[in-house]
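> Taken in order, these protein sequences are the chains called A and B. When you line the first sequence up against the numbering used here, it's residues 1 to 358, in that order. When you line the second sequence up against the numbering used here, it's residues 1 to 324, in that order.
Among the hints, a few may not be true.
[Stated by the list, open to error] With a cut-off of at most 30 Å between alpha-carbon atoms, the simulated DSSO-like pairs for lysine-lysine come out as follows:
1. B:Lys253 <-> A:Lys353
2. A:Lys150 <-> B:Lys46
3. A:Lys207 <-> A:Lys279
4. B:Lys264 <-> A:Lys353
5. A:Lys153 <-> A:Lys23
6. B:Lys319 <-> A:Lys150
7. B:Lys198 <-> B:Lys264
8. B:Lys218 <-> A:Lys353
9. B:Lys280 <-> B:Lys198
10. B:Lys39 <-> B:Lys51
11. B:Lys51 <-> A:Lys124
12. A:Lys24 <-> A:Lys279
13. A:Lys150 <-> B:Lys51
14. B:Lys51 <-> A:Lys153
15. B:Lys51 <-> A:Lys353
16. A:Lys153 <-> B:Lys46
17. B:Lys319 <-> A:Lys353
18. B:Lys198 <-> B:Lys46
19. B:Lys218 <-> B:Lys280
20. B:Lys280 <-> A:Lys353
21. A:Lys353 <-> A:Lys43
22. B:Lys264 <-> B:Lys280
[Unchecked claim] On the chain A side, residues computed to face chain B include the following (Cβ under 10 Å):
23. Gly142
24. Leu176
25. Ala266
[To be verified] Ranges of calculated distance between the beta carbons of each label pair, as one might list FRET restraints:
26. B:Leu308 <-> A:Gly151: 54 to 60 Å
27. B:Ala287 <-> A:Gly196: 57 to 63 Å
28. B:Glu16 <-> A:Gln39: 42 to 48 Å
29. A:Glu325 <-> B:Pro265: 49 to 55 Å
30. A:Asn330 <-> B:Asp296: 40 to 46 Å
31. B:Pro265 <-> A:Gly168: 28 to 34 Å
32. B:Tyr91 <-> A:Ala314: 40 to 46 Å
33. A:Arg201 <-> B:Asp245: 55 to 61 Å
34. A:Gly196 <-> B:Phe88: 27 to 33 Å
35. B:Gln33 <-> A:Met195: 39 to 45 Å
36. B:Thr180 <-> A:Lys153: 44 to 50 Å
37. A:Asn267 <-> B:Asp284: 58 to 64 Å
Don't read these hints as lab results, they were simulated from the structure. Ideal Cβ positions, reconstructed from N, Cα and C, are used throughout, including at glycine.
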Amino acid sequence: MEALLETRTAADAAINHELTSEKKIHFLRQMLRIRRFEQTALKQYQTSGQIGGFLHLYSGQESVAVGTLSLCGEDDHVVAGYRMHGHALAVGMSMNECMAELFGRATGCSKGKGGSMHFFAPDKNFWGGHGIVGGQTPLGLGLAFGLKYKGLKGCCLCYLGDGAVNQGAYHESLNLAALWDLPVIYIIENNQYSMGTSQDRSSAFQKCLAARAEAYDIAWDHVSGEDLYEVRAKTWQAMQRAHAESHPTVLEIATYRYYGHSVSDANAKKYRSPEEIEKYRTLHDPIQLWQQRLMDEGILTAAQATELDNAAAAEAEEAVRFAKESPLPNPADIFTDVYSEVDRQTPAGRTGKFFFND
Amino acid sequence: MPVITYRKALNDALAEELTRDENVVILGEEVAQYNGAYKVTEGLWKRFGDKRVWDTPISEAAFVGLGVGASMMGLRPVVELMFWSFAFVAYDQVVNNAGCIRYMSGGLINLPLVIRGPANGGTNVGATHSHTPESILAHNPGIKVVCPATAYDAKGLMKTAIRDNDPVFVMENTLLYGETWEVPEEEYLIPLGVADVKREGADISLIAHGRATITSLKAAELLAQEHNIHAEVLDLRSIRPLDEDAILRSVRKTHRAVLVDENKPFCAVSAQIATIIQQKAFDDLDAPVLRVCSLDAPAIYSPRLEKLQLPTPERIVEKVLSIA
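Just chain A, with the same shape it has in the complex (with noise of 0.2 Å):
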């Protein structure tokens, strides 16, 4: 009864009651995109023998990129960890571009020079997309204090895993956040698991994780992450707290993985059972959830969902095509984009010996 209240609440919350039914399906769209992209890129990985290294797949945290990214504005920044393609084309960044990256082809977003956990756009305000776990949250800190020192009303948000909360940078940040007050905004995607080690087996805490955030004097907030509306709602709060006050807040966002921590986690049915696994797909899908209330809201009827669905599968396959289809990078372009200077040639760079190859 309590948790139907709250997510009534969170449906009535003025971020969400504005919201006009084409932007309730394209959060719809959104998610499926992203669900599709990664179904595609999964089994390409697995057939085509063209995409290497990790592929740390998002299936399931979807509500969570989209619902907050949704509410960014113009000077409201970015930066995730590894499991980013949600956050990816939730900022916009195409599926070509992204897909290209995993085949590493010259078309790909980082020229395929990053890979699948080193996505970036900073032109969409996203600035990656990295790959060591909570090495991105002092980022953050930095992207909320160049925001603060030039006078933008804007803030960062900074994705993080529940696995990354024992890192020291993370804690350094918190630290450095509350002190400066910088509008950051730490989100905790917990997915339960850190890898193949389960929250209780990683963590010590009381509450929840987000609950550390007490300690440095910071508001904090847990959200459940199947709901689209509570996501939005609840980082709306944050976001309204680091625009008028720039103070930072923590946020847990519950969540789940359907696939291992990456394409290579050979145990990823072993550290959790496959009717656990099952049970978040039936009972707690966000794209599902959210594509139920939308019909029950009147606004989508099922044949329009499978157009969707059908669209961004359509999307995925053109994307493989596009990828397979794009060059691959030259060898002369190992040694671009390490120096500014010697790409652009200044006077800079061409003084001195920058490469040693010979």
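Please arrange chain B on chain A, whose structure you already have, making use of the hints.
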């Protein structure tokens, strides 16, 4: 020409760049109200205020990473490490974030960031505080490293580093902070990647950087006075980018080289110089390339022994006499 300390030269460089560009911001432990642990930032907070000069907590991973993030937003942070040895607790920020983000973004991002502070042994503070990480940091493409040996170079290189659009790590030396040199009043810049012949000579090249340059100059004086050997002292000034032409020019002139380096010998800067010389000036050499590095153990505390662990003029002379 005014004679000022290495410390004052750095201080002037910072003040001039703070004045010149409102995006320059100074961050570090004790850099503001305390006036700097080594007084390099003395007076800057009072003059430029809270917005430009920030005392950070002892929290290197956070404030170095903050500097990287702020540089993404177009600021030009100058981050002080009280000792470069402390970079190791922020190594992920220093190497992965400052060093690799531009590359991993396919060149979409550039990071106009300076990290500066002393990187030297010889002050009896034990192994943890005596590292010389220019070799291991210059190892990483994406990072630039300079090691000024004089006040003149310190000022000119610092100003250039702040205006550079890539991460530049400036490695200073606490034993030089109080030393004085002539520094002109008018503005000047020293490009990165340009070495400097600190003393001309025809018999042997002493190739060094940082304080090892000063030690080499003392050795050159002894060699001239006591052995009639005229050593050329080439100060690299910049490790990456490196002035390879100046190295080869000097060796082709003298046909002999002793590399002087406060790094430990294994994979030291001098190891890289040695490979360049043997590869590109092999036929010009009349003797093997030798090195004088810090003795290969963690920095010892004992004050009298630590003096011996770093390169000394006597060790350089001995090495030179073995081949000249």
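> With reference to the structure, classify each hint as holding or not holding.
Cross-check of the supplied hints:
With a CA separation close to 21 Å, the supplied pair Lys253 (chain B) and Lys353 (chain A) stays within the 30 Å bound. For the hint linking Lys150 (chain A) to Lys46 (chain B), the alpha-carbon distance of about 21 Å falls within 30 Å, and the restraint holds. Using a Cα cut-off of 30 Å, the hinted pair Lys207 (chain A) and Lys279 (chain A) holds, with the two alpha carbons roughly 24 Å apart. Proximity of Lys264 (chain B) to Lys353 (chain A) is assessed by CA-CA distance (about 23 Å); at most 30 Å being required, the pair is judged to hold.
Restraint check for Lys153 (chain A) and Lys23 (chain A): the C-alpha separation of about 24 Å stays at or below 30 Å, so the hint holds. At roughly 56 Å between alpha-carbon atoms, Lys319 (chain B) and Lys150 (chain A) are farther apart than 30 Å, so this suggested pair is violated. About 23 Å separates the Cα atoms of Lys198 (chain B) and Lys264 (chain B), which keeps this hinted pair within 30 Å; it holds. Annotation: proposed proximity of Lys218 (chain B) to Lys353 (chain A) holds, straight-line Cα distance about 29 Å (limit 30 Å).
Pair hint Lys280 (chain B) plus Lys198 (chain B) holds up; C-alpha atoms about 23 Å apart against a cutoff of 30 Å. Between Lys39 (chain B) and Lys51 (chain B), the direct Cα distance comes to roughly 19 Å. Compliance with the 30 Å bound is thereby established for this hinted pair. Taken as a hint, the Lys51 (chain B) and Lys124 (chain A) pair is honoured in the structure, with Cα atoms around 27 Å apart against an allowance of 30 Å. Simply put, Lys24 (chain A) and Lys279 (chain A) have alpha-carbon atoms about 26 Å apart, close enough for the 30 Å limit, and the pair holds.
Between Lys150 (chain A) and Lys51 (chain B), the direct Cα distance comes to roughly 10 Å. Compliance with the 30 Å bound is thereby established for this hinted pair. Of the supplied pair hints, the one linking Lys51 (chain B) and Lys153 (chain A) holds, its CA atoms being roughly 17 Å apart against a limit of 30 Å. Between Lys51 (chain B) and Lys353 (chain A) the CA atoms are separated by roughly 37 Å; this puts the pair beyond 30 Å, and the hint is violated. Among the hinted pairs, Lys153 (chain A) with Lys46 (chain B) is consistent with the structure: their alpha-carbon atoms are about 28 Å apart, no more than 30 Å.
Note on Lys319 (chain B) and Lys353 (chain A): the hinted pairing holds, with a Cα-Cα distance of about 28 Å set against a maximum of 30 Å. For the hint pairing Lys198 (chain B) with Lys46 (chain B), the CA-to-CA distance comes to about 36 Å; that exceeds 30 Å, so the pair is violated. Note on Lys218 (chain B) and Lys280 (chain B): the hinted pairing holds, with a Cα-Cα distance of about 28 Å set against a maximum of 30 Å. With a C-alpha separation of about 14 Å, the suggested pairing of Lys280 (chain B) with Lys353 (chain A) holds against the 30 Å cut-off.
Restraint check for Lys353 (chain A) and Lys43 (chain A): the C-alpha separation of about 44 Å exceeds 30 Å, so the hint is violated. For the hint linking Lys264 (chain B) to Lys280 (chain B), the alpha-carbon distance of about 24 Å falls within 30 Å, and the restraint holds. Hint status for Gly142 (chain A) relative to chain B: holds, with the closest Cβ pair at about 2 Å, below 10 Å. Taking 10 Å as the C-beta cut-off, the interface hint given for Leu176 (chain A) holds, the closest approach to chain B being about 5 Å.
Residue-level restraint check for Ala266 (chain A) is violated (minimum Cβ-Cβ distance to chain B is 26 Å; threshold 10 Å). A hinted range of 54 to 60 Å for the beta carbons of Leu308 (chain B) and Gly151 (chain A) is consistent with their spacing of about 55 Å. Restraint check, Ala287 (chain B) to Gly196 (chain A): a C-beta distance of roughly 58 Å satisfies the suggested window 57 to 63 Å. For the pair Glu16 (chain B) and Gln39 (chain A), the supplied restraint of 42 to 48 Å is violated, since their beta-carbon distance comes to about 57 Å.
Distance hint check for Glu325 (chain A) and Pro265 (chain B): the Cβ-Cβ separation is about 52 Å, which falls inside the suggested range of 49 to 55 Å. Range check, Asn330 (chain A) to Asp296 (chain B): Cβ separation about 42 Å, and the 40 to 46 Å hint holds. Distance hint for Pro265 (chain B) and Gly168 (chain A): a CB-CB separation of about 32 Å, consistent with the stated range 28 to 34 Å. For the pair Tyr91 (chain B) and Ala314 (chain A), the supplied restraint of 40 to 46 Å holds, since their beta-carbon distance comes to about 45 Å.
The supplied range of 55 to 61 Å is met by Arg201 (chain A) and Asp245 (chain B), whose beta-carbon atoms lie about 58 Å from each other. The given range of 27 to 33 Å is respected by Gly196 (chain A) and Phe88 (chain B), whose C-beta atoms sit roughly 29 Å from each other. Taking 39 to 45 Å as the suggested C-beta distance range, the pair Gln33 (chain B) and Met195 (chain A) conforms, at roughly 43 Å. Restraint check, Thr180 (chain B) to Lys153 (chain A): a C-beta distance of roughly 48 Å satisfies the suggested window 44 to 50 Å.
The hint said 58 to 64 Å for the Cβ distance between Asn267 (chain A) and Asp284 (chain B), and at roughly 60 Å that hint holds.
Consistency note: the structure conflicts with the earlier hints numbered 6, 15, 18, 21, 25 and 28.
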